[in-house]
Amino acid sequence: MNGYAGSILSIDLSTRSITTIPTEKYEQWVGGHGMGSALFFDMVKNKTIDGFHPENVITLMSSPLCGTLVPCGAARTEIQGIGVQSLPIGWFTRSNFGGRFSAMLKYAGWDGIAIQGQADSRVWIDIRNHDVTIRECGELGLWGTDTWECQKTIWKDVAGGGVYGDWIKINEKGDMTTQRPAVLAIGPAGENLSRMACLIHDAGNGAGQGGFGAVFGKKGLKAISVIGTGSIRVNDPKALMTSRLWLKKAYSFDLKNLKSKNFTIGFQSPPVPMALFRFGKPGIGQRPQACVGCSSGCRGRYEDGIGNEAICFNSLFYYLGKTLLIQRQAADLINRYGLNAAEMFVGELYLKTLNDLGLLGQGKQIDCPLDFKQYGELAYAKQLVKAVSYRSDGNGNPHPFGDTLAEGFVRAAQKWGRLDGEQSDLKTGLLKFPHWGLPMHKLERSQLDWGYGTILGDRDINEHCFDMLRAFPTYFKMVGGELPPSENVVKIITDKMEPFQGDMKMLDFSTENMYSEHMIKLVTWHRYYTRFWKQSTQLCDFRWPDFLNLYGPGTAGATGIAEPIFFNAVTGKNFTFKDGIDLGKKIWNLDNAIWTLQGRHRDMVRFADYIYTNPGTTPSGYPEYMPGIKNGKWDYVITSGRHFDPDQFEDFKTRFYRFQGWDEQTGYPTRKILASIGLDYVADALEKNGKI
Amino acid sequence: MKPKIPEEKELSRRAFLKCTGTIVFAMGTSGYVLGECGAKETGSGIAVSDGYLVVDVEKCQGCISCMLACALVHEGVQSLSLSRIQILQNSFGKFPDDLTIEQCRQCEEPACVEACPENALTANAQFGHVRMVDKEKCTGCGSCFTACPHTPARVTVMEDETFNRELKSLKCDLCAHTPYHWDEKGGGPDGKLACVEVCPVGAIAFTRKLPVQEGKSGYKINLRDDSWVKLGYRKS
Chain V
1 MNGYAGSILS IDLSTRSITT IPTEKYEQWV GGHGMGSALF FDMVKNKTID GFHPENVITL
61 MSSPLCGTLV PCGAARTEIQ GIGVQSLPIG WFTRSNFGGR FSAMLKYAGW DGIAIQGQAD
121 SRVWIDIRNH DVTIRECGEL GLWGTDTWEC QKTIWKDVAG GGVYGDWIKI NEKGDMTTQR
181 PAVLAIGPAG ENLSRMACLI HDAGNGAGQG GFGAVFGKKG LKAISVIGTG SIRVNDPKAL
241 MTSRLWLKKA YSFDLKNLKS KNFTIGFQSP PVPMALFRFG KPGIGQRPQA CVGCSSGCRG
301 RYEDGIGNEA ICFNSLFYYL GKTLLIQRQA ADLINRYGLN AAEMFVGELY LKTLNDLGLL
361 GQGKQIDCPL DFKQYGELAY AKQLVKAVSY RSDGNGNPHP FGDTLAEGFV RAAQKWGRLD
421 GEQSDLKTGL LKFPHWGLPM HKLERSQLDW GYGTILGDRD INEHCFDMLR AFPTYFKMVG
481 GELPPSENVV KIITDKMEPF QGDMKMLDFS TENMYSEHMI KLVTWHRYYT RFWKQSTQLC
541 DFRWPDFLNL YGPGTAGATG IAEPIFFNAV TGKNFTFKDG IDLGKKIWNL DNAIWTLQGR
601 HRDMVRFADY IYTNPGTTPS GYPEYMPGIK NGKWDYVITS GRHFDPDQFE DFKTRFYRFQ
661 GWDEQTGYPT RKILASIGLD YVADALEKNG KI
Chain L
1 MKPKIPEEKE LSRRAFLKCT GTIVFAMGTS GYVLGECGAK ETGSGIAVSD GYLVVDVEKC
61 QGCISCMLAC ALVHEGVQSL SLSRIQILQN SFGKFPDDLT IEQCRQCEEP ACVEACPENA
121 LTANAQFGHV RMVDKEKCTG CGSCFTACPH TPARVTVMED ETFNRELKSL KCDLCAHTPY
181 HWDEKGGGPD GKLACVEVCP VGAIAFTRKL PVQEGKSGYK INLRDDSWVK LGYRKS
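Same order as they appear, the protein sequences are chains V and L.
When you line the first sequence up against the working numbering, it's residues 1 to 692, in that order.
When you line the second sequence up against the working numbering, it's residues 1 to 236, in that order.
These aren't lab readings, by the way, just hints derived from the structure by calculation.
Treat the hints with care, as some may be off.
Said to hold, decoys possible - Chain V residues, not near chain L, derived (Cβ > 12 angstroms throughout):
id: 1; residue: Arg100
id: 2; residue: Tyr107
id: 3; residue: Trp167
id: 4; residue: Ser243
id: 5; residue: Ser252
id: 6; residue: Asp254
id: 7; residue: Gly280
id: 8; residue: Leu325
id: 9; residue: Lys382
id: 10; residue: Thr428
id: 11; residue: Gly480
id: 12; residue: Thr618
id: 13; residue: Glu650
id: 14; residue: Ala683
id: 15; residue: Lys688
What the hints assert, rightly or not - Straight-line C-alpha distance at most 30 angstroms; calculated DSSO-like pairs for lysine-lysine:
id: 16; chain 1: L; residue 1: Lys209; chain 2: L; residue 2: Lys185
id: 17; chain 1: V; residue 1: Lys386; chain 2: V; residue 2: Lys415
id: 18; chain 1: V; residue 1: Lys238; chain 2: L; residue 2: Lys192
id: 19; chain 1: V; residue 1: Lys249; chain 2: L; residue 2: Lys135
id: 20; chain 1: V; residue 1: Lys256; chain 2: L; residue 2: Lys135
id: 21; chain 1: V; residue 1: Lys169; chain 2: L; residue 2: Lys135
id: 22; chain 1: L; residue 1: Lys230; chain 2: V; residue 2: Lys477
Glycine residues also receive a C-beta, built at the ideal position from the N, C-alpha and C atoms.
Here chain V stands alone, though its shape is the one from the complex:
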């Protein structure tokens, strides 16, 4: 089994049993998401349980590519299980983080971890190669620490008498490494079961979505530490090295010939931190920082150690902080306390709006202990983060505000009466949580792949595959500059979208095409590609797919060619790109079967009310542009400022389900489609539960 460690670690915290599952049993799913879904399906007999139920199983999976030289494909860890963040119920969902964890897990001899049960005391898991121990938090005083302090404490413990900077002996057998263990930890937010609690690894690798930090907290699990000194076999070492150098030479940024110095998606981007601080990037000494095997780091470490590895939503949180330093310190705060940066970013602005409206504050209709006189200062952000993390007033005292807000912003708004009647904040759009009770990310009415993918799935997809089709045209229209003809761009991309290649109208984002069969194919391809190539082989979302590339032949990127080249060099499985798409289809169907068993029905698959009435506008006020056909010709068309039509969306759903082979009335998978992809046993389970 080239690319695999060979075993999956199975831990039952209730019984404190540690067993192994041969990876071979699940090899048909390859790894990551596919393997996690299959494990979950087998291990959780009653899929209707709540995410906090002890029988909920959380899987943390690597892939055959993790820990290898595959560029931007060696570092991700896929987390799955029943989440506690979404509404109307916590869906079986996924999150994912980068860094070193999955690589280290494999060097230790494990392809993944499945955790079930609930400990009767607070524990952490200590993995040192094949030695796995469930240890008491009290031994090291871990419970109550923030995510960074927790990691540092474990590092010290694993080093024993050794000192980092030298070779460390990790066990009695004398296995040696210079590396620190990779630790995944929860902070106070997870300990106190905030539904916004996330998992943090190193300074800034966060698995934010799903509220898995709270699930860990409920299980009494503070952290998982892993250190490995072993090795992973690859099928063809020479081919792997040759392929890596080929991609570097033919498609990756060239410092002597930079074609862009900004962060972009794909391999052309040089290593620059994707820090989105309102005041720009810190102008101090820094380095780019990359995950294992990455060809172009997207984060930074700084000479003052503040804001290390903070990017994207981390850096957006506390957007209205008064200074860059405050914003960077605030980014550290939510990482240390272990909070979902996306929900805290959107939610924090909601609180400010309610305060500006005179509805929320000390002694107001919504009694809130936050000191808005300090708004913009670090003190305010600190009080807010503490209030959510400790379910308190943020100053060390119990308070219903923090207790309510820890449940998430939509649940809090419901409790505050803000979702009642025609002026509900989800009807007016004051509360920008458009799908599944989760915060907005991209403008779903504009960037349709994102919006449809999210509502037809279980979470903000956070898949940037087509993001450049919005980002570049919108930016260039705003600042001026020449854009490549949209028809050329669309052709390059759609030619790679096997098995729907050649259908250029898949990328026609005009209003006329919003509900078309072409759009159905786009959403379908996106689900299949990401379920396998991105979430199962664990290629990084920021670099894959490489559709457009200024260094590539005719500005075409490496996608379609590169994925199977690397996959086969490591595994020897002789996969084609289309094989991956087909397996993605199977995984997508398994996921929908799980959602169906949880209780999903097509009637639940709808956006928040404001999405059907409010024109989508960007925070900046500038219009968004995407490729589209205008007056019969390809152009870049304005895609913001429009809303979904409820009837047309329902019709779109019907046709989407038909295209998937699912029941049009319910959205349930059918036996026919499941049998056609080798999932008869899944169909049996659905039938047993009255879903077929």
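Please build the complex by placing chain L on the supplied structure of chain V, with the hints as guidance.
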């Protein structure tokens, strides 16, 4: 394959380091003098290497691709412990001290070569006098690990699957002996070096000029140019 260092070897290494510290101090204050641990004088008769790896720790992005490439071309597997070059980093540290690159220095006076009781570690004339291990001769005694004056030691001892899991010494040979080398001409001072070739940012370079041996400055150099500065990073 996992590096394994017997306890007694660790202890003797510590003792050596203590002595080595004395030597370095003496060199820094009163010229090139003998130390107190019986170290040899210069001019031990070992030819200098034809090449060296130099690195820029401020430019490194910490992706450890060099480590992965090193283990891959030498052992055909992916492993951090089997890499001859080691990147050590602290996610919470302050730049530039959050990260260091520790590569074999192909020392002018290679303590590892001199310490080998089996003459298994030699300056190999066939490959430009790179300090190389002959695994057929190596007994895995760990003398080289103990003798290396640098921290972490640039030589390790591992279980070698091709030798029935016997302990064997492992160190940088500038890719001279790489059964899984991707280029038909191979590595060595005149060939292609995996870590240099794979580094995405050019933080590792090869030089034929003997770096200054005292201290670290000869091996940890500035490889940043204007293209790097354009990305927002400092040049010096």
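So, going through the hints one by one against the coordinates:
1. Arg100: violated, 8 angstroms
2. Tyr107: violated, 6 angstroms
3. Trp167: violated, 5 angstroms
4. Ser243: violated, 9 angstroms
5. Ser252: Contrary to the label, V/Ser252 does not stay out of reach of chain L, its closest Cβ about 7 angstroms off (not over 12 angstroms).
6. Asp254: With a cut-off of 12 angstroms, V/Asp254 comes too close to chain L, as the shortest Cβ separation is near 9 angstroms.
7. Gly280: violated, 10 angstroms
8. Leu325: Label holds. Min Cβ-Cβ 15 angstroms, cutoff 12 angstroms.
9. Lys382: With a cut-off of 12 angstroms, V/Lys382 remains clear of chain L, as the shortest Cβ separation is near 19 angstroms.
10. Thr428: holds, 41 angstroms
11. Gly480: Label holds. Min Cβ-Cβ 21 angstroms, cutoff 12 angstroms.
12. Thr618: Since the minimum Cβ distance to chain L is about 26 angstroms, V/Thr618 lies beyond 12 angstroms and the statement holds.
13. Glu650: holds, 47 angstroms
14. Ala683: Given a closest Cβ separation of 39 angstroms, the condition holds.
15. Lys688: Holds, because the least Cβ-Cβ distance between V/Lys688 and chain L comes to about 43 angstroms, which exceeds 12 angstroms.
16. L/Lys209 / L/Lys185: holds, 23 angstroms
17. V/Lys386 / V/Lys415: holds, 20 angstroms
18. V/Lys238 / L/Lys192: Roughly 13 angstroms separates the two Cα atoms, so the pair holds.
19. V/Lys249 / L/Lys135: The hint is violated at about 35 angstroms.
20. V/Lys256 / L/Lys135: violated, 41 angstroms
21. V/Lys169 / L/Lys135: Holds: V/Lys169 and L/Lys135 sit about 24 angstroms apart, inside 30 angstroms.
22. L/Lys230 / V/Lys477: With Cα atoms ~25 angstroms apart, L/Lys230 and V/Lys477 stay inside 30 angstroms; holds.
Violated hints for the displayed structure, listed by number in ascending order: 1, 2, 3, 4, 5, 6, 7, 19 and 20.
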